[in-house]
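Participant: Spelled out from the first residue to the last, the chains are:
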Amino acid sequence: MFSKRKTTTALLLGASSVALVACGTTVSSSTSTTAASSATTQAASSGGSIKTGLKVVVIPKVIGNSYFTTADSVQSGGALAALQSLGEVGSETSGTAATPSSQLPVIQSAITQGANALVISATDPTALCPTLNQAMAKGITVVTYDSDAPTCRDLFVNQASTAEIGTSEVDLLAKQINSTGDIAIVSATASATNQNAWIGYMKQELTKYPNMHLVSIVYGNDDPATATAVTQGLLQQYPNLKGIISPTTVGIAAAAALLDTPQYRGKIALTGLGTPNEMKKYVADGTVTAFELWNPANLGYLAGYAAAELASKAITNAPGQTFTAGKLGKYTIASDHSILLGAPYVFDKSNINNFNF
Amino acid sequence: MTVLENNSRDHSLSGGPAIDFAPSGASRFTSIVFRAREFGIFGILVVFVLITTAIKPRFLAAQNIKFILIDTTIFALLALGETMVVISKNVDLSIGSILGISAFVSSNLYQQFHHISILLVFTTGIGIGLVFGLINGVLVAFGRVPSLVVTLASLYIIRGIDVLYVGGQQVVASSLPSNFLSVTSSSLGPVPIISIVVAIVIFVGSYYLKNYRSGRDLYAIGSSDLAAGLVGIPIAKRVFTSFALSGMIAGLAGVIWASYYGTVDSTAGTGYEFTVVTAVVVGGVAIFGGSGSAVGAAIGALLLNTINSSLYVLGVSAFWDQAISGLLLILAIALDRGLGLYVAKSLRKRSSRVAS
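Note that the protein sequences, when read in sequence, are chains A and B. Count the first sequence with our numbering and you get residues 1 to 357, in order. Count the second sequence with our numbering and you get residues 1 to 356, in order.
Certain hints may be false.
Stated by the list, open to error - Some chain B residues near chain A, calculated using beta-carbon distances under 10 Å:
| hint | residue |
| --- | --- |
| 1 | GLN63 |
| 2 | VAL172 |
| 3 | TYR260 |
| 4 | TYR312 |
| 5 | LEU314 |
Keep in mind the hints are simulated off the structure, nothing from the lab. Don't be surprised by glycine CBs; every beta carbon is placed ideally from N, CA and C.
Turn these sequences into a full structure, and let the hints guide you.
Facilitator: Structure, rendered in C-alpha cells:
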C-alpha cells in the first residue's frame, strides 16, 4: 500500500514537472489547430481554446498490462504524451486486477483529488456507473477508451469498429487459405462483450465464403495455459483444420507458440489480434503471415487529447463536433457520442520490425 | 488413518533400532492397500485414455502425447514440492506466485544480457524460488505461524512484487534463444526430454521421502507432531527444509514454464496452487499429512491434465473440466476415509488375533 502511494506521487510529480516545462510552447500550437478546424464547429469552439494545467487521471483496466502501458505512457506516445504536449497534468493509476472492485477506489480517489477529467477503460459496462455519474455531476469530464461504459460517460474513444474487426479478420484469413477449408476461432472468455460482437460479424462475413466452414469456437480465458490447451484440443478434434482466428492477444500468442513446429508451420494459417512484439518470432519463422491490431499508443493519445478538449470546453460531446487531435488529424464525434480511431492496422513481415509494443 | 502407513523401516524414528509396533504381516497388508490407492488413480487414467482414444483416435497422436506430458511436467514437478509440505501437515499456496516471478526474472535475463549462459538462467530461477521458500520456512517452522496463513500472505506479496517489478513489460518469444526454447521442445519420440528428467527427479524424491530418515521424519511429523517431538525429531528443521525445497522447485518450474510458453508477463502461474493441491490430494496424499507419495501426486497431475486434454479433444465444454476435478477430489477424499477406516478395523482384528 505504502509503496504504491509512493509510486503514484512520484508519477504525479514527474508528470507535473515535465508539464511545467512544456506548457509555454504547446499552448499556442494547440490553439491554432483548434482554430483551423472546420467551419461547422467554429461556432461551438470559437470561445474555447484548450486550457493548460488540467488534472487528468488516466485509469486503465489494470496496472502492469503491456497493452495499457503502451496506450498510456509518455515514452510510447500514448495518453500521457498527448496530455503533456497540451500542458496538462496527467497521471496514470489503476488497480492490480481488472475488476470493478479494484478500479472503483481508484476512481473515487481521483474525484477526491479534484481531477478535471478521467480517461478510463471500463472493467464493466455498468458497475462503474454510480461512481462515474457522481464524477460527471461534479463537472468532471469522463472519457472512456478501449472498453466502454455507454450510459455514464461524455465520450467513448473507440479503437476500431466492431464490424470492421470482425470482417477484416475473416478476409485476412481467407486470403491466406484460398477461401477454402475448415476454420476455428480461439476467443477469450465466453462472456466478453467485444469478443462476441466480433465473432458475430465474423459469422456474417463468412457467408461470403461458401467454402470456408467455421467448425468450432473455443475459449482460452485469456490465460496462456488454457489457450494452449484449447487450441491443442482443436488440432486433435479437427485434423483437417486449415485456419484459426484468435481475436485476443493472449490467444493468438499461445496458438502461435503451439503451431510453431514443422508439423503445422505453413499448414494451418493463424490470424487475429496480436501485439507486434509477441508475434515477431512467429512472423519471422513463417508460422504467422499477417495479423492485425489498432495502435494502442494512438488510441491513448486520442483519448487524452479528447479529454483535454472536452474538459477545456473547447468542444462539447454533441454529435458532429470536430477537433484536430495533434498528429492524428481531424476527428468527428458520432451520433452515439463516440469517436473512431480508424481501421485496424495489418502487421506482416514487411512492417512488424518498425513497431515496439 | 494417517498413522497407519508403516510399510518400511518407518518407526526407526528415534534413530535407535527399528521397533516394529505392528506385526510385519499387518505392515505388508497396509502397504498393499495404499499401493492399491495409487493403482486406483492409474486405473481411472487408463479408462479415460481408452474412452477418448476410442472416440478420437488422434488423442494418442505423438504431438498430443507430447503436449499432455509437457503440461503435466510442470504440475508434477510442483506437486513434488507440495507433497513434501503436505505430508508434514502443512500447505504451500505460494508456489504459483513463485513460479510467476521466477519465470519472468529468469527469462528476462535474455533481454538484458543477450549471451547469458542457460545455466545461469536456471540458477537464477531456482535461487529466486529458494529465497521465497526460505522466508516461508522461517515463518512457518520457527515463527510457528500456520502455513495456510503464511503462504496465503506470500501468495499475495510475491504476486504484488511481481506486478510492481514487471509493470507492463513482457518477455516475448523472439527475445529467447533457441537453446532455451529447446529445453521443452526437444523430445525422444513423443516423450519430451524434460519430462524424462523430471520423472527421474520425482522418483528419486519419492524414494528419498519414503526411505531416508529425514524424509520419513516428515511423515511422522504429519501423523502426529506431538509424538514426533517426543521421539526427538527436529520438527522445525524438517519443516523448514520442506518449504525451502518447495520454493526451489517452484522456481525451477518457473524457468521451464518460460521455456515452454515463450511469452511471460506478470500473470504467469496465477491459480496454479489450486491445481497442484488438487493433483496432490487426488494422487493419494492425505491433506492432513502423514501419508502419500510424490509419485502418486505426479500421477494425480497426469490424470488432471489428461482429463483436461481429453475433454478439449472431445469438444466438451470447459465447465466440465472443473466440475470433474472437483468430483475427483471428493472421490479421493471419500476413498481415503473409507480405506483408512477399513485398514484400522482390519489391523485391530489382526493384532487382537496375534495377542490371543
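Participant: Kindly indicate which numbered hints from before are broken by the structure, ordering the numbers from low to high.
Facilitator: The structure conflicts with no hint, since it agrees with every one listed earlier.
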